[in-house]
Each structure stands twice: as C-alpha cells, then as structure tokens.
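Trainee: Chain by chain, the residues:
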Amino acid sequence: MDFMTLIQLLDSTIRLATPLLLACLAGLFSERAGIFDIGLEGKMLAAAFFSAAIAALSGSVWLGLLAGIGASLLLSALHGLASITFRGNQLISGVAINFLAAGMTVLIAQDWFRQGGRTPSLSGNARFEPITLPGADQLAQVPVIGPLYAELISGHSILVYMAFAAVPLTWWVLYRTRFGLRLRAVGENPAAVDTAGVSVIALRYAAVAICGLLCGIAGAYLSTALQAGFVKDMSAGRGFIALAALIFAKWRPWHALYATLLFGLFGALETRPDVITAVIGMKVQGQLLGALPYIMTVIILAGFVGKAIPPRAGGLPYVKER
Amino acid sequence: MTLMQKFLGATAAFALSAGAAMAEPALIFDLGGKFDKSFNEAAFNGAQRWADETGGTFREIELQSEAQREQALRRFAEAGANPIITTGFAFATPVEAVAGDYPDTKFVNIDGWMPEIPANVQMISFQEHQGSYLVGMMAAMASKSGTIGFIGGMDIPLIRHFGCGYAQGAKAVNPDINIVANMTGTTPSAWNDPVKGSELTKAQISQGADVVYAAAGGTGVGVLQTAADENILSIGVDSNQNHLHPGKVLTSMLKRVDVAVYNSMKSGNDIATGTSVVLGLAEDGVGVAMDENNAALVDATMKQAVEDARAKIISGDLEVASYYATDSCPALDF
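Top to bottom, those sequences are chains A and B. The first sequence stops at residue 322 when you use the numbering used here, and every number in between is there. The second sequence stops at residue 334 when you use the numbering used here, and every number in between is there.
It is worth saying that the hints were derived from the structure and are not from the lab. Glycine is no exception: its CB is placed at the ideal position from the N, C-alpha and C atoms. Be aware that a few hints might be false.
Partial list, computed: chain B residues near chain A (C-beta under 10 Å) [unchecked claim]:
{"id": "1", "residue": "D36"}
{"id": "2", "residue": "D155"}
{"id": "3", "residue": "V173"}
{"id": "4", "residue": "P194"}
{"id": "5", "residue": "S206"}
{"id": "6", "residue": "G218"}
{"id": "7", "residue": "D229"}
With the hints as constraints, model all of the structure from the sequences given.
Mentor: See the structure below:
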C-alpha cells in the first residue's frame with residue numbers, strides 16, 4: 001500500500017466519519033441530559049430532505065442548511081414534548097420519529113417535485129462545494145506534508161470543518177461552563193439540580209435542541225455536500241451507527257471523535273478490499289467490516305473492554321416531588 | 001360534513017369500480033421504490049404506456065417492507081386483479097407460495113427464479129449478461145487508463161450476472177484490462193445508499209478506473225453523480241439514465257422491463273403461464289442506450305463494434321457465459 005492510497009483511504013474516512021460524528025455529538029448532548037434519543041436517524045433523514053429541497057427551490061445551500069436544521073429542531077421539539085413534558089417513553093418517541101421521517105420525507109418530496117420521493121439534482125450554489133484551504137496548492141508539491149495537507153486536510157466542505165470544531169467546543173461546553181455542569185447533572189441526578197433551583201425541564205429542552213441542531217447539520221451534509229440531492233432512506237442506518245459510536249465512546253466528546261473516525265475507517269476499508277488483501281495477505285469479506293461497529297459495541301456493552309455506564313437518570317422522565 | 005360525504009362517495013365509487021373492472025391488472029413494485037429512475041420506474045412506465053394506449057386502469061402498490069410481499073399478493077388476488085405482475089427476484093418465493101391458492105389468477109414475476117413454475121405463473125427473465133457484455137465493450141474502448149469499475153447494489157447472483165457479462169465484454173476488447181468490482185452491501189438498504197455509492201466510486205477512481213458501471217438501483221444515483229463530479233464516465237442501468245448527466249454518462253444498459261410489463265398487461269388473461277420467458281438481445285429485451293446525450297462520447301468504431309457483437313450474439317456465433325450456469329464467472333472474481 002503506497003502513501004497516496006493511505007491518504008485516499010483517510011480522506012474517505014473523514015467523509016464517512018463526519019455525519020457519524022455530528023450525530024454522535026448530538027446524541028451525546030441529549031443523553032448526557034438524560035434523554036435517550038434513538039431518533040437521530042429520523043432527524044438526519046428529515047434534515048437531509050429539507051436541506052436538499054429548500055436548496056433546490058431557492059438555489060442557496062445556506063437556506064437549505066437552515067431549513068434542514070429547522071426540520072430537525074421541529075422533530076427534536078416533538079421528542080421533547082413527548083418525553084419531557086408528557087413524560088412518555090423516550091425510546092418509543094424516538095422510534096416514532098424515525099418512522100415519521102422515513103414516510104414524511106418521501107411523501108412531501110413526491111408532492112413537491114413529482115420525482116418519486118427524491119429532489120432534483122443540485123448544482124452550483126445549491127450545493128456545498130469543497131473548500132481549498134489557503135496554501136494547499138503551493139504546499140502540494142512538498143513531500144509527505146504536502147499531500148497530507150492538500151489532499152487530506154484541505155478540500156472538504158465547510159460542514160466537515162464545523163463537525164471537527166464541534167468536538168473541542170462540546171468538550172468545553174460540557175466540562176468548562178456552568179451550563180455544561182448543570183446539563184451533566186441533570187442526566188445523573190435531576191432531583192439535585194431541581195433542589196438547587198435550576199429548571200430540569202428547561203435544561204433538558206436545551207439539550208434536545210442542541211441535539212436537533214447537530215442532527216440538522218449532519219443531514220444537510222449527507223444531501224447537499226456528499227450528495228447532490230435527496231434519495232429516500234439515504235441516511236441508511238447512520239443514525240444507529242452513531243448511537244453505537246456513542247456507547248463505544250462512553251458518552252465522552254473526544255472519544256466520540258475517535259470512535260466515529262474508527263467506524264469511518266471501517267467504512268472506508270469496506271470500499272477497498274484490495275488494500276485489506278494486500279496488507280494482511282488474505283481476503284476479508286467486506287460484510288465483516290460493515291458489521292464491525294455493531295460487534296465492537298456489543299463487546300463493549302458486555303463489559304469485555306472497560307465498562308460503559310450510561311448517565312444514571314437516562315431514560316427516566318423527571319417527576320417533581322410534591 | 002362535506003368532507004365526510006366526499007369520503008363516502010369516494011368509497012362507493014371505489015367499490016363500484018372494483019366490482020366492475022374484474023380483470024384489472026395489478027403491479028407490485030419492489031423495495032427500491034416506484035421512482036428509482038431505474039428498474040421499478042421502467043415497470044411503471046410500461047404499465048402507464050398500456051394504460052394510456054388502452055384507456056385501462058391498473059392497481060399498484062409500492063412495498064415498504066419485506067413482510068408485505070405475500071400480503072400484497074393476496075390482497076390483489078382477493079380483489080380480483082388479473083394478471084398480477086411483480087417486479088424483483090425476491091418475489092419468486094411469495095408468488096410460488098400464493099399462486100396455488102388462486103388458480104384462476106395469473107401471476108407474472110420479473111427477474112425471479114423458481115425450480116418448478118406453477119401452472120398459473122409466468123416467469124420473465126432477461127439476458128442481462130448480453131446487454132452488460134455490450135456496455136463492457138464500450139467501457140473498455142472508452143477507457144484510457146486500462147482500468148474500469150463495476151459497482152453492484154445488493155450482493156445477489158443477479159447482480160453478479162450483470163458484472164460477469166460486463167467483464168467478459170471488456171476483456172473481449174482488451175484482454176489486459178483491469179476490472180475493479182465492488183458490491184454496496186448485503187441488505188436491501190444497499191439499493192438506497194448513494195453516499196456509499198459515491199465512496200465506492202471515489203475508491204475505484206483512486207485505483208485508476210475511468211469508466212464505472214453502476215447496477216445498483218438508487219445507489220447508482222450517487223455513483224453517476226460522483227463520476228460526473230470527478231470527470232470520469234459512468235454507465236447507467238435498467239432505464240435510460242444518459243440524461244441524468246449529459247455528456248458524462250457513456251451509455252445505459254437497458255433492461256426493457258417496461259416492454260415486459262406492457263406485453264403482460266396487453267395479453268391480460270391470455271398470458272402464457274407455467275413457463276418462463278427469456279428476453280435477450282434478439283427480443284430487444286436488453287440493449288444499449290444511444291441518444292443525443294451520449295452522442296459525443298460514442299464514436300463510429302465503438303458503434304460498429306457493438307453492432308457486430310450484437311449481431312454475433314443473436315446469431316449464436318458469440319456465447320456470453322452466464323453467471324447462473326456455473327455460479328462463477330470466467331472473467332471476474334467477486
């Protein structure tokens with residue numbers, strides 16, 4: 001395996017890891033506040049559709065992004081309403097959101113565009129184009145560092161850089177701000193937060209809203225940056241892999257980055273069976289790589305490698321004592 | 001109140017029409033969805049053409065999950081639809097299970113295979129390897145790098161059948177050609193994952209491929225898009241996809257599912273059942289798409305070579321090996 005193949009593989013890893021990373025951080029905010037969210041998939045899908053649809057109609061990808069975030073926030077609000085205000089079962093609400101998004105996107109797309117549940121192909125300003133970072137072209141000739149910078153780091157869409165910037169930001173918000181401390185506390189012991197005079201409901205809604213925002217960006221990335229339009233069910237289970245990554249990362253932001261990069265690498269390797277054969281000297285079925293994220297999550301959950309302990313109040317609606 | 005009346009009226013009208021038109025044909029689309037710009041859409045176009053020409057109506061349903069197959073078949077059969085046309089290999093088993101219970105209803109399945117065909121079932125299959133052979137030749141002639149790619153949807157024998165014909169055609173033109181073949185996945189979601197289709201295309205480009213053939217349903221949308229973005233050529237499948245990216249799609253391997261559906265609906269109750277119908281190059285069941293969108297990409301020698309090969313395959317001088325015959329491919333190792 002030569003150097004350029006490695007670069008190409010890592011480049012593909014970054015592209016595949018970005019939606020996982022955004023969705024994983026989204027889930028992290030929500031679950032750290034005690035709201036389990038298996039509706040990540042549905043929110044991504046709805047955002048993917050609305051960002052592509054509005055970008056196609058308006059010709060501006062930024063309006064599309066806003067629409068995608070808006071749609072995702074709306075579903076988040078629904079999840080919040082069901083599981084925070086009405087204290088419903090968080091898992092069932094999440095499942096409902098997944099079904100709602102899968103059906104609604106195709107239905108609206110058919111009504112608006114008459115192309116059978118897809119949006120028209122996006123081009124020009126209706127799409128996030130790759131950004132060439134300053135100096136990338138000049139540096140490209142420098143050995144090792146040149147291609148590393150020009151091919152791997154430069155040349156992604158702005159959403160990729162936003163996703164990577166979200167990791168330290170998440171860490172800072174969660175561990176270095178008062179809001180973050182309260183958010184984590186509300187997922188561990190909401191009664192204590194309530195005793196301190198802070199609104200549990202408001203904190204949880206805030207967490208769910210941040211989750212919606214990040215899922216919105218993830219969905220917009222799928223349909224307007226990686227692809228040029230929406231195709232039904234295009235999230236293809238990435239919301240669930242993000243959940244697996246969240247458990248794998250044990251609900252910590254930096255580990256979420258590593259976990260999603262690892263899962264992204266599996267995805268990238270799946271597209272290059274020749275590389276695997278060359279490196280380990282035997283043929284490995286691509287299906288095994290596709291299943292690896294789930295297998296590893298099961299191993300972690302079973303307690304073989306460390307222990308994954310979810311936030312203690314996760315999944316429990318908060319009832320104020322009377 | 002008015003809304004209620006409308007509903008009641010609609011229900012009454014529906015009940016009447018269902019009773020009146022006993023021999024209404026029905027069409028069941030596979031999981032890829034009715035408008036996949038490919039296989040199922042071709043089936044729909046054939047049905048629509050029949051409806052436009054005869055003024056008839058047909059019933060249709062788009063499946064949402066695997067579990068609905070038998071249920072949909074039974075509901076249409078109970079409602080008196082005839083013939084019931086199903087698209088997709090996965091329908092073979094449910095059709096086989098249901099057909100015996102409705103001896104007066106005729107069933108048609110496109111793409112499926114069953115060991116013994118019941119008396120009221122017609123199986124339609126296509127010689128995809130022949131059409132793929134022709135596009136494989138074109139790919140090899142258009143390629144400058146000597147490497148071409150194949151991206152399949154779900155890893156099933158049918159898709160390997162496509163890839164096998166493609167590889168044979170390419171090797172007939174250039175015995176040293178390098179063919180990179182990938183499958184998107186092993187579950188039905190592999191038909192609807194354009195993001196992965198894009199990544200596979202990029203991976204193949206980095207291995208030197210400059211023509212990719214996508215036999216992958218909705219996933220192919222991502223393949224064709226990425227190929228156009230990266231400025232290489234792509235080959236569409238099933239329906240004519242040349243118009244999706246004019247000047248960037250070399251050709252499309254046409255599988256005339258529309259013709260099959262049209263003919264089935266036209267024959268109505270007189271359909272020949274208990275047999276299988278094979279549509280190949282000779283019957284115009286498969287072919288290559290030539291139109292104004294790819295005119296600039298196809299030169300005279302390429303056209304001539306394809307025409308010659310087509311004539312030879314029809315006359316039997318040239319035999320394209322079928323993946324089904326041996327469950328393996330002489331030209332490509334999956």
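Trainee: Take the shortest C-beta to C-beta distance between D155(B) and chain A; is it under 10 Å?
Mentor: 8 Å, holds
Trainee: Would you settle whether the hint for V173(B) is holds or violated, based on the nearest Cβ-Cβ distance to chain A being less than 10 Å?
Mentor: 23 Å, violated
Trainee: Minimum Cβ distance from P194(B) to chain A below 10 Å?
Mentor: With a closest approach of 5 Å, the P194(B) hint holds.
Trainee: Using Cβ atoms only, decide whether D229(B) comes closer than 10 Å to chain A, and label the hint accordingly.
Mentor: Holds, about 8 Å.
Trainee: The hint names D36(B) as touching chain A; please verify it with the least Cβ-Cβ distance against 10 Å.
Mentor: D36(B) check passes; min Cβ-Cβ to chain A is 7 Å, inside 10 Å.
Trainee: Restraint: G218(B) near chain A, CB-CB cut 10 Å. Satisfied or not?
Mentor: 5 Å, holds
Trainee: Given S206(B) was flagged as interface, is its beta-carbon under 10 Å from a beta-carbon of chain A?
Mentor: 4 Å, holds
This entry does not satisfy hint 3, going by the numbered hints stated previously; all others are met.
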